[in-house]
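Engineer: Quick mapping for you: the protein sequence lines, in order, are chains F and E.
Per our numbering, the first sequence starts with residue 1, numbered consecutively.
Per our numbering, the second sequence starts with residue 1001, numbered consecutively.
In case anyone wonders, no lab produced these hints; they're calculated from the structure.
The beta-carbon is built from N, C-alpha and C at its ideal position, and this holds for glycine as well.
Here are the simulated EDC-like cross-link-like pairs (lysine to aspartate or glutamate), alpha carbons at most 16 Å apart as the crow flies: (1) K161(F) - E185(F); (2) K161(F) - D217(F); (3) K81(F) - E1256(E); (4) K161(F) - D183(F); (5) K101(F) - E114(F); (6) K81(F) - E1167(E).
Here chain E is said to cover these stretches of chain F; the calculated rule only asks that three of the stretch's residues, wherever they fall, bring their Cβ under 8 Å from a Cβ of chain E: (7) 83-94; (8) 115-123.
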Amino acid sequence: MRDSLLRLTRVSRSFGPVDVLDALTLDIHRGEFVAVVGPSGCGKTTLLNLLSGYDKPSSGTIARSGTVRMVYQQSGLFPWKTAEENVRLGLRHVTDEAEKKRQIRQLFGLIGLEGFGGHYPHQLSGGMQQRVELARALAGDSDLLLMDEPFSALDYITRLKMRGELARLLHERPRTVVLVTHDIEEAAQLADRVFVLSGRPAQVRREIHISLERPRDITHPEVVNAMHTVLAELGLEKNGMQAAPSAVLSGGIV
Amino acid sequence: MKSKKIQPRSYLYPLGVAVIGIALWAALSASGVFPHSSFPAPMEVAAGIQDEVKQGRMFQDIIASLFRVTTGFLLAVVLGIPLGLVIGLHGGSKAALLPFVNFFRSLSPLAWIPFAILWFGVGDVPSIFLIFMSVFFPVVVSTMAAVSSIPSVHFRVARDYGLRGVEMLTQVTIPAIMPQIITTLRVTAGLAWLVVVAAEMIAGRDGLGFLIWDARNGLRNDLVVVGMVVIGLIGIGIDRILMQMTRIPSVRWGYER
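Isolated chain E, as found in the complex (with noise of 0.2 Å):
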């Protein structure tokens, strides 16, 4: 099939946007319209990932920070999966849980701050819990939707030539959901990755939102800046990351049509 080669543009323009950006950033904060103090320079945030990275600090924040994450998102894919799977097949499971599925989805994970603090104390395990509540929800209804929305002529055919049982769903179910699967890790993922910084802002002790708090606690508004850009580079890490899955051969239908 087609192969397709990395353009020059691909990362040419954005490289072109991040430099208009930055000279921008620059002029507005040398022209003194905003007080210095509340408006960082771009130089005094390069200094500060500097200062940062000679530390060694920012390293055990970024390490922390995706330990969460991986370990929250982990569990609630793990778990919320397989419930998806069972509300989308099941009728009456699906008639006894979706109104509560749906009742958590509605409900911001922040608002679980004050029980994580009180449940967990303060560390990994109350962020992980906030991250999970964050995923395995949305997880659980768009699997669910996935399955619902299978058409009934891949059943019957795998019926036909005799699937049935774990057969049905390794062959057939799963894979059929695959696309639409990879999709829901990469906006959960990206979910998840908000919340953490909310979580460890309020019950961290480290890890890259507790960065952004002790830089404000410090009034070290450049170091508020160096957490933001390096929690976006993760972010879209993260995504080109997961992104890679929509490569797999057999689910590649899932894109090309």
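Only chain F is shown next, with the shape it has when bound in the complex (with noise of 0.2 Å):
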């Protein structure tokens, strides 16, 4: 049995009236990725607030071992800073200066940006942002990195990319990842595990085991398998899984 980085028992979280989350049990493993998907509304980001010890649950309770990064949604770089000053932030406790500026120079050229460092963040695009981004939370030692639908500002083809430039990154750094998105194909082609989350009061309701190595092709049998699943879990899929061109028409005309 892995050791438990994460254990959520039975938590809740209400706001007044609004059961947001009842009564849910998580257990995340070190070492592994997580994906949470669940239909809009349906309290993911509550959960991340709760995950990150932003929030406190109503009831239940959270143990937590390690220290945790938060990557956000849009950018969450600070634009005053250049790309270098907010990769910084992440080695605060580096003390010694040279070794400092090691590390950057080792994170600048993980991310592929190297002679980037000096740029703020306007002058680089989407998918540059977010990779400096990742940079900035994977610098240091930290054990957990919760990252909230991080690539949804993206479109379609660099979303794409970042998916293989992050299975990467995890590959050099190992960190225990919590995905939180709305994006099925993302938790599809990242995630060990990827949560179903029914709607308000969240529970979780469908657990599906990928063990598929990563970088995955989306295309991939074992992807696109656990694509239907939560389609399916998530009422997005009258068909099934076996669902023939024929069957999709008949169902259709219908």
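Both chains are sitting in their own frames, so use the hints and assemble them into the complex.
Structural biologist: Structural data, given as structure tokens:
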């Protein structure tokens, strides 16, 4: 049994009369990549706030070991700091300036942005900004990476590239990841386990294991399979996994 | 990044408009539509400028006005930005103080003239006081507004990375409002320059406002126009200088989106 990095036991969170999370139990192990998907408004952001310690549950317990870094939806980079100054934030605990410089150089090499350290975020493309954001989150030695729809602001092609990039970065710098997303494809392509949440109050409807190694192709049968399962679970796929074109057609005509 | 060259049209076009404007002015004053005594001709004004430059009095007036504006403006900014930060960051202070800030902001600084003279007599201080009153409250309000419009994600990220207290202020809150602060400084410096003229007319013994008032009392309308021209040109100059602040690399993001 692997050790648990984050354990939620019957966690509930309500805001006034609205129950957002209801007795949610999750166990996240060290080194695994977990994705949480669910319909919009199901409490994904509430869950993230609880996981990061930003918010407290109404009832239930959250046991967390290790340090947490968060990667935000829209760029969380400070626009008044250069890319390098932003990444430096992630290395505040490093006191030796020479060591800090060495790590910064290494990180910019890792994200393939050597020579861009002096650029301000608005001078970089959306994909480049998000790579700097990843470098900042991976700087130092945090244990848990929480990602709040990190690529949702990017165009589709860039998003695909960034997923590959994330898989590669995690290979270089292993972290435990919780990815909260509404992008089912993203979840299936990246995660070892996908939790499908129900509508409010959110509970885990289904847990899907994907044991394929990363990086994965989105067209790999196992990834496609996982997507089918998630879609069916969310009620977005009517014809099941063996849907042949004719079946889709007949379904469509009705 | 892109280096912007100064294009010839940025000075040739305004120069052309100035030439046309002065020509129209000359034609109008030569036509005799307006009585000569109330409509000085361009050449008289040019001669007036020469006179003033020779006597050196105008330089003293310019320096007196600039001194008052700079002192009052800097005092208002140095005190107004911190107060705006406090009101913007602290809900209780906002509830307590914002109504009063808005009250004084709505009050024309010129309404203070009677008390300015009563309290400070004649000279630099009443003008500095009036400039302070005209700059301080707008600076407080726009600093506060700028603070409230900082996206909360910036504060969350800052907390994630362990920024607290003074570091939060110097690395997040203040840089986040700098673009708006610079815009506010440009607007309020213009305001201060407007107010100094009015203040000096009533509570001054020198300065460009007094120059205009003195010329009017001496029926020297050509010198009134000289004063107006100088005030306008210096106003442009002040804005140009403050505009340089928008070139600071760490505030460019505020102007390029």
